[in-house]
Amino acid sequence: MPWIRRGQAALLLAPMEGVTDAPMRALLTEHAAFTHCVTEFLRISQVVLPRRCYPRHAIELQTGSRTPGGVPVIFQLLGGHAERLALSAALAVEMGAQGIDLNFGCPAPTVNKHDGGATLLKYPERIEGIVRAVREAVPAAIPVSAKLRLGWEDPAAIYENAERAARGGAAWITIHGRTKAQGYRPPAYWGPIGALQKSLGIPVVANGEIWTLEDFQRCREETGCEHFMIGRGALANPYLPALIARELGLPAAAVPTAFPSSEEWRALLTRFIAISQPLSDNPAYALRRIKQWLRYVANRQPFADFDRLKRLGSIEELQALLPTLQIF
Numbered sequence: 001m002p003w004i005r006r007g008q009a010a011l012l013l014a015p016m017e018g019v020t021d022a023p024m025r026a027l028l029t030e031h032a033a034f035t036h037c038v039t040e041f042l043r044i045s046q047v048v049l050p051r052r053c054y055p056r057h058a059i060e061l062q063t064g065s066r067t068p069g070g071v072p073v074i075f076q077l078l079g080g081h082a083e084r085l086a087l088s089a090a091l092a093v094e095m096g097a098q099g100i101d102l103n104f105g106c107p108a109p110t111v112n113k114h115d116g117g118a119t120l121l122k123y124p125e126r127i128e129g130i131v132r133a134v135r136e137a138v139p140a141a142i143p144v145s146a147k148l149r150l151g152w153e154d155p156a157a158i159y160e161n162a163e164r165a166a167r168g169g170a171a172w173i174t175i176h177g178r179t180k181a182q183g184y185r186p187p188a189y190w191g192p193i194g195a196l197q198k199s200l201g202i203p204v205v206a207n208g209e210i211w212t213l214e215d216f217q218r219c220r221e222e223t224g225c226e227h228f229m230i231g232r233g234a235l236a237n238p239y240l241p242a243l244i245a246r247e248l249g250l251p252a253a254a255v256p257t258a259f260p261s262s263e264e265w266r267a268l269l270t271r272f273i274a275i276s277q278p279l280s281d282n283p284a285y286a287l288r289r290i291k292q293w294l295r296y297v298a299n300r301q302p303f304a305d306f307d308r309l310k311r312l313g314s315i316e317e318l319q320a321l322l323p324t325l326q327i328f
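Under my numbering, the first residue of the sequence shown is numbered 1, with each subsequent residue one higher.
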């Protein structure tokens, strides 16, 4: 798997629990823009999960850790027990993972109460120990990275936490520009990301509140980064990754406008249904995921047909609505 390196721009699809799963990764990487994806986290709590859990979590393990479009997929783990995470990382690599990412940023209370995600930001020495344990457990050719927030409450915590992750052997770190206490409330604070990008010695990926091309341009100017991760922005506007990739000098699919028209949205949703069908045996899956997806769109740009969409009860009803669905 290509590593994220200084001097080589990268655009990553963010891990979003229950959102950027395998069908969504397949859709969003079908055309050139993203250079890497990160899976949703696999939570390691009281035990190391059995082998069968890994390909269920990331079906790309069966295809060289790449999406159908050929984009590398990094396998993300979450937990607070260094030995269990190391054993889990080794199992993931045995099953085909080509990169391991460690989640120290999830702000969900249910995760934090069970020694996972952002709660580790309060314990810099544990971050270093976990990264080191995982780094030592997998072959040297497998990159190990870490995803961090600025801190639990104090954004200045990022400086020690990032240094600890690097000392533990992280090949790069991704920084979400908010504390756990800030959740996802805007704004994101990109200044500390820029400071670390200049001083840390390993690549830094900037993440947080990139919804538009203008947001990306401001983030790049403020951080000086050449590596970026987007998630909610790519869902709200699936053309955004291509616009950003072009700015970064990466291969990018041609997009006709800055935002999909209703007709183009209908084509995207139809394609998502087709991709989802062989990947899920749950007939309600595609409808549930599309409702969730279009909520991100409606939150950024309200559209009248979202109320109709919310009331649908089956994929057949959705397919009947699609020809007239108005989004933009």
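By construction, these hints were calculated from the structure, which means they are not laboratory data.
By construction, the Cβ of each residue, glycine as well, lies at the ideal position given by its N, Cα and C atoms.
Watch out, some of these pointers could steer you wrong.
What the hints assert, rightly or not - Pair ranges (Cβ atoms, derived): (1) Arg51 x Asp307: 42 to 50 Å; (2) Glu83 x Phe328: 47 to 55 Å; (3) Gln8 x Arg218: 20 to 28 Å; (4) Asp154 x Pro68: 39 to 47 Å; (5) Pro139 x Gly313: 44 to 52 Å; (6) Pro139 x Pro55: 16 to 24 Å.
Unsatisfied constraints (hint numbers, rising): none
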